[in-house]
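Put the complex together from the two separate chains, hints included.
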Amino acid sequence: MTKQTINLKLKVWRQTNPQTEGKFVTYDAKDISPDASFLEMLDTVNEGLIKKGDSPIVFDHDCREGICGSCGFMINGNAHGPEKSTTVCQLHMRHFHDGEELVLEPWRATAFPVIKDLMCDRSAFDRIMKSGGYISVNTGNAQDANAIPIPKPDADEAFLSAACIGCGACVASCKNASAALFTSAKITHLSLLPQGKVERGQRALDMVAQMDAEGFGACTSTGVCSASCPKDISLTNIATMNREYLKAVITQKEEMGGGDGV
Amino acid sequence: MSVKLDSKIPSGSIDTKWKDHKFKMKLVNPANKRKHSVIVVGTGLAGASAAASLGELGYKVKAFCVHESPRRAHSVAAQGGINAAKNYQNDGDSVYRLFYDTVKGGDFRAREANVYRLAEASVSIIDQAVASGVPLAREYGGLLSNRSFGGAQVSRTFYARGQTGQQLLYGAYSSMMRQVDLGTVELNTRKEMLDLVVVDGKARGIIVRNLLTGELESHVADVVVLATGGYSNVFYLSTNAMACAVTAAWKAHKKGSYFANPCYTQIHPTCIPVHGENQSKLTLMSESLRNDGRVWAPLKKGDLRKPEDIPENERDYYLERIYPSFGNLAPRDVASRQAKFRVDEGHGAQGQEAVYLDFKDSIKRLGEDKIRERYGNLFQMYDKITAEDPYKQPMRIYPAPHYTMGGLWVDYNLMSTIPGLFVAGEANFSDHGANRLGASALMQGLADGYFVLPYTVGDYIANTKLGEVNTSNDAFKATEESIKAEINKMINVKGSRTVDSIHKELGRVMWEKCGMSRNEAGLKEAINHIGQLRKTFWNDVKIPGTANELNTELEKAGRVADFIELGELMCRDALTREESCGGHFREEFQVDGEAKRDDDKFCHVAAWEWNGSADKPQTRHTEELTFDNVHLATRSYK
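From first to last, the protein sequence lines are chains A and B. Note that the first sequence covers residues 1 to 262 in my numbering. Note that the second sequence covers residues 1001 to 1638 in my numbering.
Here chain B stands alone, though its shape is the one from the complex (with noise of 0.2 Å):
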């Protein structure tokens, strides 16, 4: 069974190990890219990238977006930065220094030779976005500006204000738009992939549900690309846009895709506390905001008073007592933990779930002015969802589930267990291991789509025998029959619970006993609630309206009935790993708060094999990981 997880990292020395890979790799000469199709489903910053890229090379490239435009992507919400080791500040910098960092900061459980890889790209990134129109912040000399992100003494990262995946998603999205206009890409919006389809053991196509009509549509390919984004909305409230789902990956595994570490999950330490009951989703203020914030908790027990009459000796400052050497920037999973175990033993803000972060020293050091000039949106953001002006009065922050690091296993070339089966950016597992540093996230999309898959994906085709298929192949009908039958089935409860009341009942179970922290009892809990759920959905769900039409209700219930079977794997994941690292925290492997990792057995990638149905438990592969460059140790931040 172990054969099947080959990662395909080259030999070599890990410097030259991608060089000399793509020298290796067979090329389809221009004649004969034309002659072949590749399908990206998902239009982020990994699928805009990656389209735009293979249609100037000349494949017939489709695009598909759930939303009615690529643009609205939900990278477009990322705010702090990206991160690239050019260098610029002469901080000591170098790419080997990101590939140690993004190794230290994953908890090392990431694969060495992809984190090199990626921090090789990252400066070819920012030349690319630079020359393709983003307006990245600039200083008064006309050159670029860095800031400071968790996780690293050098500041690397670049910025747009505090709307940086907004711009990076509209440079993607502008070049793809290009090729759109050249003829080399054809978009697809407003549809939804519900199936992959795999003929003779190989990805050739998907089957997508247009949301206009409620239609479906089969579309062939040589290569299927997914970039179809993360799964934190298993939590219900999450950071993530409504429409984020694990949907298209999730059907993917069920076609034989194997899914990895599904229980490392990034929550955020710094988001909006939850409102209310009704409250749809959390609103993150960025990482950045650290830089110039001071986080810190009231010092008393059960103290009620506004933060505004706390004394100075009253005020814990928790981040720079506990961690002296990374302060306030210390990485998300440590920061989320601290945050967490003050509000535990009872020093929230006003016995609230929340901690302050604090801007009144940075206000008097730099005046409002500067303040305003780095984070003015992000403040205004706060003031219109709060109605409390953080320039007064230091925000009130809380953790909540942000990015997952799991994701479809993919080798080095970014190809899933399935063969033609392509993963990129936050969909895929490779790069962050059980923690992602701040500023990766968009340096990660990118690099998978503008730098890797050009490479992989021709080296892919050239070496295989695709035979000619076309939609009225077998296995397209066979798909798309099984995809009428589930729909049907779903629609045809015509139970008593609300999509969403099942939704939230799930997020609940999981931020419970799946989030910060988990423990044995708590996790075994979760599967057998998460079990009877599943059995709810399919015998009570309420959908209203019917197939053949526009109905945001039937897309809502299949995502969550995907979720809902994720939700399980992932509690069982954390169950079977029985060690703390990065985000995966179980209680009972702690050293005073701190992660202890269990290197002896779990040095691996876990890699879930579906079996058949949800109710026959899947088979847990291991990927073993090495660690040649950055040796093993325990990782700290004090």
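So that you can see chain A by itself, here it is in the shape it has in the complex (with noise of 0.2 Å):
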């Protein structure tokens, strides 16, 4: 079953580290076969490019099956490239036709400065998870796990957001580079569930105060990065992130020292 291999011509953002500055270089991609994924073209283009002595393209990428968010840059502007619900890495040639040209660029965010060519910094995110994302219970501390039965609809919603990847393709296709998205998806799969609810309040305003500190922008309810979004993550999450932040400042209670400790 051989099928008939295409041609492209690449304009690729390089960029050497974060202090110098980048430009377009042009390279062309040849004899790529319709079955393989954008990022094994990138492969082959990249083994071409070290036989030559010259570096290879840099992009970040390690499962290479849509799961681990480490790959993405945007493809003639659209983060992840044109087909919907789809990490490059899961991006096949075959939705190319030959003699196609297509643009690389990084995520461009304040919030995540390149590192090389096409490989940024996330670790904004990161730190938006150690502001809050998560639940404060020790190991050791559970309780038998259908102790507290969870409404299946609750449990399905909770599911769908936690999805999130962490990718950044929603920051990157925001005109604000806002991580509302992102911080939504966490605040709300965690509030849904009983075992989340204790801190919601609290988690609300710590991970919306740290994604302001890291220099996101402001959501203006655009709804681009979730149609640019490779998992899906509804819109609907930025509207629960709203609510229960509001909530958790007009109900703002001081806290009494304490805490959880360590």
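No lab work stands behind these hints: they were computed from the structure. Glycine included, every Cβ here is placed at the ideal spot set by N, Cα and C. Hints may be right or wrong, so weigh each one.
Some, not all, of what chain A presents toward chain B, calculated at C-beta under 10 Å [as the list claims (entries may be wrong)]:
1) Gln4
2) Asn7
3) Lys51
4) His61
5) Cys68
6) Gln90
7) Leu91
8) Glu105
9) Arg108
10) Gly132
11) Asn146
12) Leu192
List time: in silico DSS-like cross-link candidates among lysine-lysine, alpha-carbon distance up to 30 Å [stated by the list, open to error]:
13) Lys11/A x Lys1306/B
14) Lys52/A x Lys1489/B
15) Lys1484/B x Lys1202/B
16) Lys1384/B x Lys175/A
17) Lys1616/B x Lys1254/B
18) Lys1504/B x Lys3/A
19) Lys1542/B x Lys11/A
Stretches of chain A that chain B covers, calculated by requiring three or more beta carbons in the stretch to come under 8 Å of a beta carbon on chain B [stated by the list, open to error]:
20) 125 to 131
21) 158 to 168
22) 193 to 200
Here is the structure:
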């Protein structure tokens, strides 16, 4: 089953390190199988570059099955490329035609500084998680898992929010570079579950504060984040976050100290 | 020599060993815990849960990962589920039955005591996961749901659609991030462990390379925990993520940690077949699909017709035919082997290296919506990769390397042959014997991290005199120098072969000669070939750029160099083990295509000792296995 291969022209953002200026460099991608993934196409280009003694195009990637959230860059202005609900590692070359020209750029956001070429620093997401994206339970404290029944619709909805892979496509697509979809997905996931309700107020306050401190922009509800999300995280998460935040601000009690301690 | 391999299995009956052992362990008082430091390398399920739990106890923890964030660890990709002996289904499950199934599933090559402890811990893992917010699947009544997995006749697998690993990892990751927030865990990302530092015979630290800058850093601790996963990427094409490597474990091995049962590898039966030369990795289709999918191959040899044109009576549902009591839920090693036999005999799907996984009957019985609810994301993934709709035509599947049961040898406390070096999760060898049952890897990673290490690490600290060590110690300096020399040597070869081309060549040899079936002649050829390949690497590898910058080719090259040495050891281990067991199938030892064990000669763990150079053969040590509870028997799923 030999299939017709295709040739493409790539305009790729090359930047040696965060300090230097970057520029677009044009490469030919030749004899690409339509069954190859987008990253396998870049592997082929890189193999050619290495053989010539040039430095390969750097991009983050790992699982290559759309779940680790490592990969992601802009293809012709679209986060993860033209296919809906698809990470770039799961984007296959059959969706492109022979002779097409593609522009590849890293995520662009103040809070995601470029490290090299198409790789950027998304550690701001970890710091948002650290500020409150958890339930304060130590190992060994848990009661039987079936002791608290959780209505199936709540569990299912929590799962849908928890499915966020933290790739950053939402931020990259947003004209304000807002991290509202990422942050709200975690707030929603945990506030829907009985185990997470105890800390819901403080969590919303802390995570929103950290999101702002990282330099992400405000949300103006354009919805492009959800539209470009490879995991279809719903825009309603942001409404939930706003509600949780507002409720917490209004009902905020002075912390009495103590907390969960170490 | 064999004195060194003391498994330290506690005495007493199987169901009280762990409880009694925990009581007998020494404790570290809370004020003293703060004075002790633990390095955890790897932040997947085992590493993140260990770092979180040790941090909660009050130890000073430093966690390291090669990724930009712990959430990227490859545990994230586990699809199907996690076993636990909850018996919520009232279908006859128990800790003992999970223990029994796992020992039998591993073809009697795992340690009974470890497996029993694993089965006991399974129950608490589900409780812990739910408490930390993992949204496991539920029934309409609000209680947890279960599905079935291979090698078991009860329904004990908990799941979150086809993303169970992702959700469990995020649970452990968020618990760890809470400790980062509280200051007990220091998180180090994009740093790769390149060696272990041993001072006065004890593991006292590691050297890492900062992947962004190329700088080497020394880190000291009282205990080092490796939770760095498995080595399936020795095959180049596997279901593992691109960064999965044996490097951390291999460097520890070269420092004196024995490597156990390297030839025990799991070839998973249901993966999407290879599409072409430029393929970079393979994608798994979860074993859970075999709950509702039926595996078949064309009955006629060389049948090139499309599956829809092959009538029912010309299809061979071979798993149901050969294993009537387990049917499509036969364990992985068995199902993989049978798929290979069909293809080798000329019954491949449309003449290719593939068989079918068909949902036609389930869709007829349950409706497409029910199937979508159960496996929607998997069907979508299949469709994306192959451009074929599995609701309309059967999936094409073929076995692929997926998991490695072998790993660093550890005793009952999960401590390696180097005092102070603990190994958890897939990186150790301890619980799955020669074949791992589905939904047991997540269970083992979390059991080790949440419920075993927090006790055994404390016991080691309480019992050990740990002198003051800092990074100016000679051992740290010498180790750093030797890493620098090796990196420089590698980068200065400036040959003609790219790292990937060498890795692909290694992968092909391993797959053909040390894959689903092995024989003496093939293994000898492979050892020869790999020896040559090692020379090729060190004389002809081409790595662009320098060592003092972000250099992805240099990262890959280091990992491939270690895979080459490991590959040779895997072949030697497979050659020496003159029997078939689980995933290790020696063609010379079989009864009608089923593995034929030799319990008189090989009822033991083989643990290999490094002898200072890749040119010197390693020394094989053994640990005898005894089966006092599950009696040695021929494993049958018929």
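Of all the hints given earlier, name the ones this structure violates by number, lowest first. Hints 1, 2, 8, 9 and 13 are the ones this structure does not satisfy, whereas the remaining hints hold.
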